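S.K.: So you can see what is in the structure, the chains are spelled out below.
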Amino acid sequence: MSNPAPTVSSSPDSRVPPARIKATSQLFSSLEGVFHEEVFFLILSVFIGIFSGLAVVCFRLAIDWTHLALLGPLPQSHSLRLIAVPALAGLVVAVAVLHIFPGIRGSGVNQTKSALYIFNGFIPFRTAIGKFICAGIAIGSGQSLGPEDPSLQIGASIASFLGRRLEISREKIRLMAPVGAAAGLAAAFNAPISAVLFVIEEVIGRWSAGILGSVVLSAVSSVVIVRSFLGSEPLFRIPVTTFKRPSELLAYAVLGIVGGLASVAFAKSIGYLRPRLKSLPRWTQYFQPAVAGFLVGLIGFLGFPQIMGAGYDSMDQAMHGQYAWKMLAILAVLKILATTVSFVSGTPGGMFAPTLFIGAMLGGAVGDIERIFVPQLTGSTGTYVLVGMGVLFAGFLRAPMTSVFMVLEVSGNYEIIVPVIVANTFSYLVSRSLQSIPIFDMLTRQDGLVLPSLEEEREETILHVEDAMLPVPETILSAQDYVDANAHRVQNSPESSFLVRMHPNGWNTISRDQLLRFFHEGKGELTLASVLPAQVLPSLYPDLPLDSALRYVNDYPLVPVVNRADSRRLEGVVSRDSVFKKYESGRPIQVSPS
Amino acid sequence: MIIFFPCGRSILPESRPVQSNFVEAFEPRSLGNDIVIRDMSWTVPRLIPRSAPVILLVLTLAAVTGFAAVGHLVTRFTANQQARGRKLYALGLTDAAAGRYDEAIEAFRAALTCDPTNSQYQLSLARALRDSNDPRRLDEAESYLIALWQRTPQDAAVNLALARVAAHRGSIEDATRYYHNAMYGVWNAEPDANRNRSRIELIQFLLKKNVRAQADSELIALTTALPPNPDQHLEAAQLFEQAQDYAGALSQYEEVLRLEPENAIALGGAGEAAYHSGNYATAEHYLREAVAANGNDSNARELLATADLIIRTNPFHSHISDAERNRRIAAAFAQAEDRLTNCTQQTSAATKTIGSASSLTALQSRWTQAQPDLDHLRSPGETDLPDAIMDVVFQIEQQTAATCGQPQGVDLALLLISEKRQAASQ
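As you go down the protein sequences, you meet chains A and B in turn.
Note that our numbering gives residue 219 to position 219 of the first sequence, counting from 1, and the numbers run on in steps of one.
Note that our numbering gives residue 791 to position 197 of the second sequence, counting from 1, and the numbers run on in steps of one.
Hints in this document: simulated from the structure, not taken from any laboratory.
Take these hints with a grain of salt, some might be off.
Said to hold, decoys possible - Derived DMTMM-like pairs (lysine to aspartate or glutamate); straight-line CA-CA distance at most 20 Å:
{"#": "1", "chain 1": "B", "residue 1": "Lys681", "chain 2": "A", "residue 2": "Asp64"}
{"#": "2", "chain 1": "A", "residue 1": "Lys326", "chain 2": "B", "residue 2": "Asp902"}
{"#": "3", "chain 1": "B", "residue 1": "Lys802", "chain 2": "B", "residue 2": "Glu784"}
{"#": "4", "chain 1": "B", "residue 1": "Lys802", "chain 2": "B", "residue 2": "Asp786"}
{"#": "5", "chain 1": "B", "residue 1": "Lys802", "chain 2": "B", "residue 2": "Glu829"}
{"#": "6", "chain 1": "B", "residue 1": "Lys803", "chain 2": "B", "residue 2": "Glu767"}
These numbers were taken from a predicted model, which means no experiment stands behind them.
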């Protein structure tokens, strides 16, 4: 009998009893079984939310600190500092972008989307660091950009880094980017629902139930983290909002139209200037952010410091009627100019906050002008400012669902949901009719990439089974009838294959030759059911995508299309030819009533 | 130039683990686009064992560490910001105290950018916005206050500020509600004085809005809560006077005099309150003391003269003999005739309306009809005659006052006696 004692005593863990080692090992083994990949991914989503939340807290502190250090708590116009600071900061940012952090230009939304669809979820961690530093300096120094999109990219980068380090499957690692993006955006805007919807509309670009749980978990956990550090104060102090008469919806429709036109102007100016600036010689890229900073600072110097930075304080004041309509309109126009030059110069920063700013100012201006002409309108300036935010969001970013929920989440007031929906719809329609490609798609196409978008998907023509459906055949055989009776029925029919109605339900198919062979083999006295091979023909429904018919049309000459309420009721049939012809023509086949 | 990954753009699910060469430390190949593609041919060693419980343990530790580190950072940042905010807040308070509301608003806003959740800063900003006399700023002030109120609805200072905003807007319902909240809310210091202060403000607002009944009930509630402080009783007495509740005012002035018997303002106020309530003997007493205490009080002196006249001419005074009463009635009757004659002359000279002239003519005929009754005053059976004669006198005084303006001297005394008798009979 061998004594294990010497082996145990020579081990470094000699003081740990073997029983305990075994128990620990068993515990780990059983825990391993619990954490299969789906569960692990969900838990990981929570951690992504936590880390993104922590990063966004630091990011917001960095922006605040930079702003206070460079511009002071409340920048006053006619101070030379307003011009010098953003210009010099632009130089610093340009050098950093060109030499240290090359992947951080722009907002970060497209980069995150590219990571999902092109790079298998890969976003360098250096991007998070670079975005944090450079966007912090740019926004803090007064460039007309927002912190939300960079937060989104920081979150996505952290998620991607975690996924790679933990070596999860490629399928999951691709999904990490949107999960982190939702966490970053939710933390930045303190609005988890809007963040989830935005990520679905703009990053994922399609509805995907598989990822929804993870996205929601990460968004919620990041918001919890941010609120635990920075409090649950909303971004704005929401004024009393009123909507009394349905006829006032006309006023909001006008706001939607004006917002749509402004969105188009904003998007077109970016779309026009961005490729031209990028095509300039490389050395100019060192100065483009500085020139943009100079121009933005000049606007501030000339009396409009409200347009510098994200501008949430000014939005808050506009919401409480602090500006007359002329000032609101001027601020909206200047913000479009300032954001355009800041963004096209390649300065890292987002368009989320500027979009809200422009919408807020435009909404307030339109509301005030409308009230001058129609004093009976009951909506306060604050109501129009809130609705205006959603209007620009719907028109410029072309995220209609996010725009509605964003206003509701920010205001916490469901009374204005109808004006928001009406105005956003008009804005969206005007914008879509005047500019076919949404801003983010336009940016990706300028970069030579084509990524899927929810808007494309919404507009895509989906072919259904009913589009390729042929009329109900004149001759339908019954499995209960004798073979000779069925053979007699098909004698004068031009068809080569026939559907057979099975008893009590179901369908089968038989060719003319097969039926005649049974007849000549002397099986005429037998029922068709007894001679047919035991198979059940699959059936389709008219509303199914036509792709689903492809699985069967090669195996069966005819596939029945039945009614969803009554599977014995035949609506038509599809064949290999009818399906392929439909795909070739793309036009619906005229089905005559049977 | 764009360089794509060898794995292409497909997003079809693959369950293979990602290759460990997915790492970020690569040099960019292109700077022409915002999306930079990198080479991926570098491998790093695995840092932690691929065991789910271990990974989760490590992640938890990292999260806790991150939480602590960020917490420390936030605390330090917040402390710095709060210090900066306090300085700006102090500047704002100085500006607000000096009435420089625009500067105060800027300072408070700056303080709030440093410490956005500070209730005191928000309250001060809201007060400055409200007091800046810019109607556009009331909305913003109100929204700050409502946000504070939602957090601490029992905070009396916030309720008082909201009440003042509502008072600025002229909203009686909201103002009353918030003033009441302030009275019954929580005060950090001097709760009783602040509650009374709030009620006094409410009363002043209600009187300004001419909501007399509600103001009266608030005044009654106020008197029950006042401490033995002459200043507060004096203020309450003046509010009673504003509300034309002279009995209440007299009571409050007497309370002041109980605490400070030599208070000249209270003496004058008590005299005036007694005078207006028709208590001329008391008025004469207090007014005499007020004039003695402050010889420059011309109002008290004037009221004293009138009160004196009333006391000397009033035929219904209880402590006079029948002969004296008859003498006073006769004197009043003669005075009324003089007043009527003068007024008739004034009216005809000024070609007044036919209605006034005819009513004066009717009074003249009534006076003439009543004149013989003077001789029957001494008759023991004619107990109603004094009233009947004085009715004629009072009608003459009232009509002439309406036609020819407020009288002076004895006519004024007779008019006031008539008003007091009318009020008593009603």
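S.K.: Now tell me, hint by hint, if it's right for this structure.
M.R.: How the hints compare with the structure:
Taking the CA atoms of B/Lys681 and A/Asp64, the gap is about 18 Å. The hint holds against a cut of 20 Å. Annotation: proposed proximity of A/Lys326 to B/Asp902 is violated, straight-line Cα distance about 68 Å (limit 20 Å). In summary, the hint linking B/Lys802 to B/Glu784 is not supported, as the alpha carbons are separated by about 27 Å, beyond the 20 Å threshold. This hinted pair does not check out: B/Lys802 and B/Asp786 have alpha carbons roughly 24 Å apart, beyond 20 Å.
The suggested pairing of B/Lys802 with B/Glu829 holds, with an alpha-carbon distance near 16 Å, which does not exceed 20 Å. With a CA separation close to 12 Å, the supplied pair B/Lys803 and B/Glu767 stays within the 20 Å bound.
Going down the numbered hints, you'll see the structure goes against 2, 3, 4, while the others check out.
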